[in-house]
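Engineer: Sequence:
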Amino acid sequence: MAQKAAQVPVHGSLPAGAWSGADTCGSCRRVCETSRQPLSPRWIGATPNSATLRQETAKQQRPAPGVPVPPSRDGIHLTIRAALFRLLFWTLLGTVLVVGALSFYQFRAALRTEIAANLRFGASTVMQRIDTLLFSHIENMRVWSGLEVMQDIRVHDVDKRLSHFLSDLHAGQGNAYTALLCTDEHGRVVAASQAAYIGTMAPVARSWRAIPGSWLGGVSLARVHDADGGTTVLRTAIPNAFGAGSLGYLYAVLDRHVAQQLLDDAVGHGPRSLLLLDENGRAIAASAALRARIDADRLTLNWRLPDQGAVSYVRDGSVLGYGTVLVGVARSGGYQQFQGLGWHIVMVEPTAVSFGPIWRLLWAVLAVLVVTLMAGLWISSQLAHRIALPIMTLTDFTRDFRQRDVAMVPLPATNILEIRELHHAYAEMIDALAKSREQVVRAGKLAVVGEMAAIMAHEVRTPLGILRNSAQLLQRQPELTEREHELIGFIFSETERLNRLVTLLLECARPTQPDFRPHDLHAIIDGVLSLLASRAEKAGVSLSCSFAEPELVFLCDREQIMQVLLNLVLNALAFVGDCGRVQIATRLDGPGLQISVMDDGPGVPPALRQAIFDPFFSRREGGIGLGLTIVQQIVHVHGGEIAVGENAWGGASFNLTFAVNGQDR
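FYI, the numbering for the sequence shown is 1 to 665, going by the working numbering.
The set of hints was computed from the structure by calculation and includes no laboratory data.
Since the structure is predicted, the reported quantities are computational estimates derived from the model, not experimental observations.
Glycine included, C-beta positions come from ideal geometry on N, C-alpha and C.
The reader is advised that the hints may include incorrect statements.
[To be verified] Label pairs and their computed distance ranges (CB to CB): (1) ARG293 x ALA176: 23 to 29 Å; (2) VAL637 x GLU496: 18 to 24 Å; (3) SER381 x VAL440: 47 to 53 Å.
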């Protein structure tokens, strides 16, 4: 975008004579050779007298060899090599310590997270196996209670057929049950899998808990304590097949060792332990490691137990005979029709075992630290030596460097990154100065544009006024059709737009601030295409639009954006041939809005894509070369960028990119 001369900041520009003032005389050259700083600005372009020369030379010259160096504030003098050595050593030491500490804590946190997730998963898996086991027992109770042989309770199993059946069931289930019992209505055992139970009373529990689920046959569960500890008993009523009510109850005394074996198999011989808790936190079963440490039958755990799913945390495990432990707790989720009993599985692992690899890592890091420091002492010494040697070369390079040189001074022979960076910074400074000169040239061209616009203003505005007056006279004619009124409206709008364009040219060196208001961008584009529809139709060119969004509100100056699009479309119409295509496309690309004006013409060569926006640069015969300059200026005022590239048709694509905010879109 062309910029006005008053706004072009010529950063780094020097007064006349500043480029070669250091070589104007022998005395100046002598000062430059003995000084490490440029000449004072008041010498540039003038010959200093001897007194001034002596004063400036005394200020700028380095201390000669043998001259005492002024003492530092703290009385300590360091060579460059010693300073660099200390810097490198302490940097290395600090880096190793910080990286080691961060690695230790990061790895510790990651390992803790991984172990916690594994504990939750392990507890959930074991809890699911227990739910499945309970469901199978409950389903057995439901099926067995409805068998015909259970009706022998009516005759007190005089032929022992029911007892033999229960004995066969007990043997067929392996060690799943301690005993299977059938009682009459008074709780007296009538039949049992073991003859010793016949005639005794049914297991007595404080309370029986009905297992929820209409499909589970009204099975109840209770914890019964005896001399060997606590055990779980299932009970269900035996319905009377020949009348109402029930004949008695079927009891299944679960073998506690089955649950213990299940927990032992889940943890194996590893460092983890498992504990099965009822809904009140009382221990039901424990793995071998916990059974060896505590009396699980009398344990009630008051830890945080989830209402659903699984959780993990770290806490004191002294109640289980451990120190600090990582805990994973999972709640019973049920199985099929079985909704669960609210039991919990607690899986624990001592942190001393969990974080054992971390402490081994810490010792390894300390060992690496010692080795690294030993190597760092030698490397720092060598590196400090190598850094100190090129300092004088760098000093000569900066003293002999001349900003007026067209070609860059060769890079000194060194591999030190800082010296290379300094050389690169000088190169960037030269580029910045060149760009500043280009901006000055462009500002001069814009000043010429302003002068030309002032001359043309009278010649252009006079016929515009005549056109507008003629249109007003035509508008007063009777019997005008709707299309004629629309065309007259186009005359009014276009003469007004041309008048504003002349004003814009007059203010090209000092562009007016846009009037930012929310506008429908698609409506602006439709208006541009409507204005140019007849011209495109005569040229045999197809005008189209492509909108990625159904509605797009853009905070802009409507007239200026319309001027941008008109200039770009007119430029495209001038280069496409018969049956050509021109399209305006919009889309939101993340936080940016992109407007593309594309055609299937010959395109813009890559070598001209930067110069095409310069004032008075035109590829059309008879073109002035200000259209794209004004376009770029308006786009920049709107906080956007414009670039020219190639589209899928092979023609030119002028891409306008604007930042959008919440008021846009």
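Engineer: Taking the hints in turn, state whether each one holds.
Structural biologist: Each hint, compared with the structure:
no.: 1; hint: ARG293 x ALA176: 23 to 29 Å; result: 27 Å, holds
no.: 2; hint: VAL637 x GLU496: 18 to 24 Å; result: 21 Å, holds
no.: 3; hint: SER381 x VAL440: 47 to 53 Å; result: 51 Å, holds
When each numbered hint is compared with the structure, no violation occurs for any of them.
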